[in-house]
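Engineer: We have chain A already, so just place chain B on it with the hints.
Protein chains: 2
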Amino acid sequence: MSHTLLVVKIGGNVIDNPDACTRFLAAFAQLPSPKILVHGGGKVATQVAERLGVKTKMVDGRRITDQSMLDVVTMVYAGLVNKNLVAQLQPLSCTAIGLTGADAGIIRSVKRPVQDVDYGYVGDIVQVSKRQIRALLDMYLVPVIAPITYSSEGLLLNTNADTMASAIAVEMTYFYKVELVYCFEKKGVLSDPDDDAAVISSLTPTSYAEFKASGVINKGMIPKLDNAFKALRENVSRVTICHADDLMAATSGEAGTLLSLDE
Amino acid sequence: MSHTLLVVKIGGNVIDNPDACTRFLAAFAQLPSPKILVHGGGKVATQVAERLGVKTKMVDGRRITDQSMLDVVTMVYAGLVNKNLVAQLQPLSCTAIGLTGADAGIIRSVKRPVQDVDYGYVGDIVQVSKRQIRALLDMYLVPVIAPITYSSEGLLLNTNADTMASAIAVEMTYFYKVELVYCFEKKGVLSDPDDDAAVISSLTPTSYAEFKASGVINKGMIPKLDNAFKALRENVSRVTICHADDLMAATSGEAGTLLSLDE
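Keeping their order, the protein sequence lines are chains A and B. Residue numbering for the first sequence follows the working numbering, beginning at 303 and increasing consecutively. Residue numbering for the second sequence follows the working numbering, beginning at 303 and increasing consecutively.
One chain only, chain A, in its complex shape (with noise of 0.2 angstroms):
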């Protein structure tokens, strides 16, 4: 396993604003391949269901995904935001192949089982094809994925976008060195989030367990951080959550907050 795969995350905040997604697609575009680019939803699919008069459905402050919903982030996330990505990585010298899980079957799902809550047209991840993966890499292709995969009964369903980056991730530690990057719009793990500048420069679980018991760590970086250090768990060598502008600095260990399993 000589190669190192790289796995990036975009979050949707960055999607939103053109000028960093720009900025964040011509460094994204400089780093050696193999590699993977997993975008977010951002706030187009909210303005999008608004113009269409579809109601975004909330349950105990979770989102419901109804059918009309599904066709919004289907159209959304798999069809404008996944190919103005494509098309502008294409320019760059970095040959882009835009996906869905569903797209040569690389991410099978399971629609999630009604419990307290019903959750809709949302998919848990049950199979990442990396052979077909490693396939795409093997053409120089660059995977840019949308967070939507599909079940064996050929439904398609919103999934979690870091979800999807770390299995991934995980899931091609079989064929390479894989090293994940969650790029969003602060410059990491914050211990003060009023303030920008004070990243933690490494999380450990130990010291993940103490932030997340003083309330320093909370609300949706703890799914994020789980996730991460779920990867590390299962093979994934670094793990960096980072500022988009910051992705260059942050693949040689230079900003943002490094995840290890090493106390």
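No wet-lab data here; the hints were simulated from the structure. No experiment lies behind these values; they were computed from the predicted model shown. Misleading hints may appear alongside valid ones.
No distinction is drawn between identical chains; accordingly, a pair holds when it is met within one copy or between any pair of copies.
To be verified - Straight-line Cα separation of at most 25 angstroms, SDA-like style, residue types lysine to any residue; simulated pairs:
#: 1; residue 1: Lys-432; residue 2: Pro-393
#: 2; residue 1: Lys-413; residue 2: Thr-324
#: 3; residue 1: Lys-359; residue 2: Ser-395
#: 4; residue 1: Lys-337; residue 2: Ser-454
#: 5; residue 1: Lys-432; residue 2: Tyr-442
#: 6; residue 1: Lys-345; residue 2: Asn-520
#: 7; residue 1: Lys-337; residue 2: Ser-431
#: 8; residue 1: Lys-489; residue 2: Ser-453
#: 9; residue 1: Lys-337; residue 2: Lys-432
#: 10; residue 1: Lys-413; residue 2: Arg-433
Structural biologist: Frame of chain A, contents of chain B only:
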């Protein structure tokens, strides 16, 4: 060149009808590989545009693709339509991969130069990357291609699906014996537009010229047939125009209108 490659174009009217589309996909999935599906857009794009308040601009009866309309067709063709076709094909043992021309750089175009009319974000094909398509077919994948291409500047461009199917078929003759099938909502080219049974079973350049001169063949059928005859002149072995329900019969010469250069 031992293999025959089948390039099938499915029209928007079939996609608009869920039952007809499901029947078509069941037949398409049973055809031998290698094969490629190129799909049109259908009325959904117009409906979504209306619901979003995006006005369809027409000049001299031809549609203009401004930025808002490009976003709509990118959402609907590359997102909603393409990904639903792909997800429906997977359980039919047909490992589909949904693509636009931008993906893997397979179909590059130029923004149509402004002469009398500015058509906006419309692409005229300049290059089909036959080696990338061949490599995907060699992975036993079935490309499902949406009618959108890209320019070397990184623009997405709305592109005619009939022309895309024809350009792909012609380019792939480098590797394969290629057959092209246009599927739509009629049983073939009709000698009487009001009689669905009046199928012209075969057309040559001479009989086509006569039917055009007498007005029997007119309107939208003319660019479709011009594309088809051009493909035959450029080494495509066989072109058939048939009803979507007759795909299987048409591939064995038992339905539709068969085009031929042999007078």
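Engineer: Please flag the earlier hints that this structure goes against, numbers listed from lowest up.
Structural biologist: 3 and 8
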